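Asker: Single-letter residue listing:
2 protein chains.
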Amino acid sequence: MTSPQQTLIVDLGDRSYPIYIGSGLLQQSALLGQHITGKQVMVVTNSTIAPLYLQTVLDGLKGLKIEGFQVDSLVLEDGEKHKHLDTVNLIFDHLLRQRHNRTTTLIALGGGVIGDMTGYAAAAYQRGVNFIQMPTTLLSQVDSSVGGKTGVNHPLGKNMIGAFHQPQCVVIDTESLKTLPPRELSAGLAEVIKYGLIAQPDLFVWLEQNIEQLRQLAPQFISQAIYQSCECKARIVAADEREQGVRALLNFGHTFGHAIETEMGYGNWLHGEAVGAGMAMAADLSYRLGWLTKLDVQRIQDLLTASGLPLWGPEQMHAITYLQHMQVDKKVTDGTIRLILLQHLGEAVVTSDFGHELLQQTLQQCSDI
Amino acid sequence: MTSPQQTLIVDLGDRSYPIYIGSGLLQQSALLGQHITGKQVMVVTNSTIAPLYLQTVLDGLKGLKIEGFQVDSLVLEDGEKHKHLDTVNLIFDHLLRQRHNRTTTLIALGGGVIGDMTGYAAAAYQRGVNFIQMPTTLLSQVDSSVGGKTGVNHPLGKNMIGAFHQPQCVVIDTESLKTLPPRELSAGLAEVIKYGLIAQPDLFVWLEQNIEQLRQLAPQFISQAIYQSCECKARIVAADEREQGVRALLNFGHTFGHAIETEMGYGNWLHGEAVGAGMAMAADLSYRLGWLTKLDVQRIQDLLTASGLPLWGPEQMHAITYLQHMQVDKKVTDGTIRLILLQHLGEAVVTSDFGHELLQQTLQQCSDI
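Protein sequence lines correspond, in order, to chains A and B.
Its first residue numbered 1, the first sequence is counted upward by one per residue in the working numbering.
Its first residue numbered 1001, the second sequence is counted upward by one per residue in the working numbering.
Don't read these hints as lab results, they were simulated from the structure.
Warning: the hint list may mix true and false statements.
Pairwise CB distance ranges (calculated) [unchecked claim]: (1) L90(A) to Q1213(B): 47 to 53 Å; (2) L323(A) to L1156(B): 41 to 47 Å; (3) T336(A) to E1077(B): 33 to 39 Å; (4) Q1213(B) to T336(A): 51 to 57 Å.
Bear in mind the structure is a predicted one, so any value in this text is a computation, not a measurement.
Note that CB positions come from ideal geometry on N, CA and C, so glycine has one too.
Build out the structure end to end from the sequences listed, making use of the hints.
Answerer: As structure tokens, this is what we get:
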């Protein structure tokens, strides 16, 4: 028994692919079968997700009855702190030991870390093989599994090594959220709020009204939030696959957030938590520029709080620390920090035209509280 | 004073780029200037090439007079045994420490190993930055610097990790061959011979007539050999950038050759030497299939010998060892070994239709001699 399934298409010409959203999709192997072209599959997951869902996915794959079908799996340690080249190398090792060839398909079963690493392994293995995203966290369902950004962290910067590599499809089973810790649910909501803030004022208002239902995983509300988020992201990615322009708006809150994650060590702050705090900072700076009203900022802060997200960065982080990390952000061009800021609720711009002093004030405000 | 310069275009739509071939081009910074769009450059080279040519290239870059221009360099250890992920990570480290952003340009100054690693670093750094190839060995000038294949080795297989990433341009200074050891010159000639064998029978005949002039680096002959090789490769790459079809022909001799390199440890046999032996094996199998005449095989062996190349693999390698390595070659699809074989001198095909027994005979022949 599954609830109605929704399908979205990410429109990227010959790299277009569907996103399937619904309840119980992890059991529906036929969905996967449509997107597996070779005779080898490797499911990559982590030690938290494996006991919950790996067997379900493997059983589904075995049910596909492809002649001479080889299905392997690899269970990695869980956590952002493992998102580095050495872990990706474990995927390469396993692929080579099990003799996977160019026609293999990797399946990323897990959250954003698994998706990013598996996607990057797929981009690089034999210079590129197919992969499928099966995101199991809200954050990865609404953000990282869509759009083809893959990669790993480096001690000196987040997501500094990677590739643009689009999946064959994305399978989002909303049932998997039932096993997600509340803190991670909140982290995922940060990205949903982001879509409202940068491009969909209606979504922002809807979130203000329904945040409690979302935190309680009311099925229709969760499905709608995921669908609207993926639709927003798919539209932006289709317009700018390789982040030459408008796609940068998706990084709203992320430049501040990456500084927090880098300083605190990956995984101590969840990505969504850091982005939540980063969005509050970006809103504060937008207010100082006279773009947002005090009320706008208050509404943003209220929604973040109602979502269970922090409003500011870690106490021990000072302005100078933020600036140091922000200088190596990928959005820095020729030494100039570029930020995504809000001209209105629901409308973001990329700008380097904010005045260093106002940025300082925002950063000091964050570290004072 | 430079001799006339030739320019070839690799036609890949919006990823098209020029190959400049001439004497003294390392000094001609204006050539580079046309292809540097940002304000940061990092020259990556090795400990053999650095004392010979790095300062020349750095001086040229400094002469470009780009406002706020940042020029860094990184000297890696020389040799195929360093062509792995850990060395690429040294490039990432240096780029991050020197705060290179998305608009940086990497310049690969050296042979195929430097080109493959620098190109791969460029493909992966911040999900892709620009790079320029300045190949200094014959092998890299006629083969690896053209076509956008980048990557590194894995203990379980050669070039198993990588990306297709096209350079902004390729600058081939024929003067740099004067410092190339004769053994490496021979290794480069293996790839020139390959173009003759797979697609240009006239080139094969020309090589038979002029191999001595080439080994003595007679300028007009060397330029012509490089130009014809690049032209052949550019044409094949333009027809099939991502190796879905005809590009596989460029791997003539390479499946056997990779087996030798993997078994012997990278760098003990030069790539071109292994390919030379591999071409002799592929010719032998083509003869057993009735496609080549005994005379054809003799001519190939004579040209390889005249080029200073080995005719067979290492004595200690037996048929079973070849087969084990060949099973994990990238050209293996669904467990079937595919080889590039010659239907005639100057005409190659990809085939899995050669009969296991004939392959065994060829491999046994190799290990018996």
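Asker: Taking each numbered hint in turn, which are not upheld by the structure, reported in ascending numerical order?
Answerer: The structure breaks none of the hints.
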